[in-house]
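Could you put the whole structure together from the sequences, leaning on the hints where they help?
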Amino acid sequence: MSAQSPGGGSRLTPYLQVAPLALIMLAMVGIPIGTVVLLSFWESDGISVYPAFTWQNYRDVLSTGVTLTLFANTLKYAAIVLVATVLIGFTCSYFLVFHVRNLKWQIGLFLLCTIPFWTSNVIRMVSWIPFLGREGLFNRMLMQSGLTDRPLDILLYSDFAVVLTYIHLFTLFMIVPIFNSMAKINPNLIEAARDAGASSWQILTGVIIPLSRTGIALGSIFVVTLVMGDFFVVRVMSGGQSASVVSAMKNQIDQLFYPQAAALAVLLVLVVVLMVSAILRVVDIRAELAR
Amino acid sequence: MTEQSRIDIRHVTKLYGRTKAVNNVDLTIDGGAYCCMIGPSGCGKTTLLRMIAGHETPTSGSILIGGTDVTTARTGSRGTALMFQNYALFPHLSLTDNVAFSLRVKGVRADDRRQAARDMLDRVQLLHLADRVPSELSGGQQQRVALARALINKPRVLLLDEPLSALDEFLRLKMRVELKRLQNDLGITFIHVTHTQPEAIALADQVVVMDHGLIEQAASPREIYNRPHSPYVARFMGGQNVLAGRVDRIDGTTAVVAGRNGVSYDLTAARGVEPGQNLRFSVRRDRIAVRPEAAARNGLTGRVVNIEYQGTYVKVALETGLGEEFMIYMDDEDYFAHPHRVGDTVHAAWDASMNHHLPGTNDSTGTPHED
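Here the protein sequences come in this chain order: A and B.
According to my numbering, the residues represented by the first sequence are 4 to 294, in order.
According to my numbering, the residues represented by the second sequence are 360 to 730, in order.
Since the hints were derived computationally from the structure, they do not count as laboratory data.
Fair warning: there could be bad hints in the mix.
Derived lysine to any residue pairs resembling SDA-like cross-links, with alpha carbons at most 25 Å apart [stated by the list, open to error]:
{"no.": "1", "chain 1": "A", "residue 1": "Lys187", "chain 2": "B", "residue 2": "Leu452"}
{"no.": "2", "chain 1": "B", "residue 1": "Lys465", "chain 2": "A", "residue 2": "Lys253"}
{"no.": "3", "chain 1": "B", "residue 1": "Lys465", "chain 2": "A", "residue 2": "Leu41"}
{"no.": "4", "chain 1": "B", "residue 1": "Lys465", "chain 2": "A", "residue 2": "Pro213"}
{"no.": "5", "chain 1": "A", "residue 1": "Lys107", "chain 2": "A", "residue 2": "Val179"}
{"no.": "6", "chain 1": "A", "residue 1": "Lys107", "chain 2": "B", "residue 2": "Tyr375"}
{"no.": "7", "chain 1": "A", "residue 1": "Lys253", "chain 2": "A", "residue 2": "Val125"}
{"no.": "8", "chain 1": "A", "residue 1": "Lys187", "chain 2": "B", "residue 2": "His487"}
A few chain B residues that don't get close to chain A, going by computed Cβ distances all over 10 Å [claimed, not checked]:
{"no.": "9", "residue": "Thr372"}
{"no.": "10", "residue": "Gly390"}
{"no.": "11", "residue": "Ala440"}
{"no.": "12", "residue": "His451"}
{"no.": "13", "residue": "Lys465"}
{"no.": "14", "residue": "Asp490"}
{"no.": "15", "residue": "Arg491"}
{"no.": "16", "residue": "Ala676"}
{"no.": "17", "residue": "Val701"}
Note that the Cβ used here is the ideal one computed from N, Cα and C, for glycine as well.
Here you go:
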């Protein structure tokens, strides 16, 4: 365990032990982020990019109201999706852990949750279009049942469609960690709570939710970072009517304004880091995972 | 208090599928008694305990606490508190909040419940750790927290599911004393499930020996130990040798039994036996003398197969050819005056009054400590 362990360990041993992971992290995370940060200080004229050191890109990004709107819009998506996925993820996990007592059924139903993930994100997303479109299945069903006489327009190419797709795509990322932390709850704890006279609701709020919070926090980190980093769903499902931070970045890159895009990217990284550290402040994931 | 905490179990059966975990059990536990339920795993003792606690519902029959039928009453509202084998402390709550949990679900104000919890922690000498979480505590400390949490509601009946099995030997003996003292102080009924025979003997006012969902014998520890009902109880509780034979004739109140080894045994006060009947009887291991010559009656001869020194006495195991090892607990001074060696032939003899007839039919080996 210790560096001075018998068998000739030296001061260097712990560093050598972390070296492989450190190198991979440096190559895969450190260098790309470093490049983006570097690029954000360069100059561009829409044709080419010139090495320089200027704060102009940040000034541009921070001085327009568009940036704020973009962030507000993206955060709105993230917030709605987070609430929905936590609710669905918690409910599914609760059902799987506490109602399906048989292990085989548990594994079977869990696999069922993952079946949509056997195909690509794009196909899962695009398959909503024929369902939600003006002439789509859902609108036709509504009209045939007489609930509406005109097709609903808000179903597709709207914020609704974007959020719905996000929820569909990302709920599993919430189910898995919550299921994992819930499955670790000792069933005796629930009996102990019942023995103390707690009602089902009190057991839920006093025992199960607090003991699932590691899973909720982990799932939240997945969902928040995925939503904050997405541009494709927004572009396709909003029909180009809504934008997120990354879809704006994509536009700038298409116009060869790499440094401005890089500045926006740095800003986004900062915001996401703040959000994740806020989540980590609420739940000490490291301590809870070691439990 | 006494009447309020009396428990009546009437014709209780619990089925799991087609398995009878508890089979038509009738039992009365006096209020304020310390009752130990003992038996090998799967004998139904834990199921019975969980039915009293309300975590299981009997398939048929009824359970009364203090004369009130609580068979289907909600757990937590029947005046019982269960202490779990692995303590089941809430890992996310401090000791204070763990102990105060049942007050919290009752809606007691935060200040009041914390004060009550701290008083209870003080009682189990853990007040100085009140703000720690359970994982920072040793096994013995966790157990005391579990005890405090169970007692905070002032239950009429405290149910303990193998409370000492997770502790090492030293702590186990220490906690055993504390449990007994606590029960004396509180005067409530304790029902303690265990599979350790000395624990049951040491603690209980009433020992309930179970096997295969049935109560084999429910009596005082002395009665259970000295006058076991069946060969199973005799073997499970230890301290007895079980022998078999056929009744040769009846002399007044004494039955003369011919053992399989050709020796005759005199069973005084063996009621309801007839000549020709096969029966089993037991002899206390510590009431057996070693003689230089084979005894004509009430004795046997065997070869020493094992010798174990126990401090105050010596366990000498004999192979007698009767299928079951015959054990002699010899006083250590007597033994070391004439020590034996493995392989020696030894003649054992005892007083006829030591023969105890076992009317029960359960003849299983009843290996203790199997889990």
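Hints, one by one, checked against the model:
no. : hint                   : verdict
1   : Lys187(A) to Leu452(B) : holds (16 Å)
2   : Lys465(B) to Lys253(A) : violated (57 Å)
3   : Lys465(B) to Leu41(A)  : violated (60 Å)
4   : Lys465(B) to Pro213(A) : holds (19 Å)
5   : Lys107(A) to Val179(A) : holds (17 Å)
6   : Lys107(A) to Tyr375(B) : holds (20 Å)
7   : Lys253(A) to Val125(A) : holds (18 Å)
8   : Lys187(A) to His487(B) : violated (30 Å)
9   : Thr372                 : holds (22 Å)
10  : Gly390                 : holds (21 Å)
11  : Ala440                 : violated (6 Å)
12  : His451                 : violated (5 Å)
13  : Lys465                 : violated (6 Å)
14  : Asp490                 : holds (16 Å)
15  : Arg491                 : holds (14 Å)
16  : Ala676                 : holds (40 Å)
17  : Val701                 : holds (43 Å)
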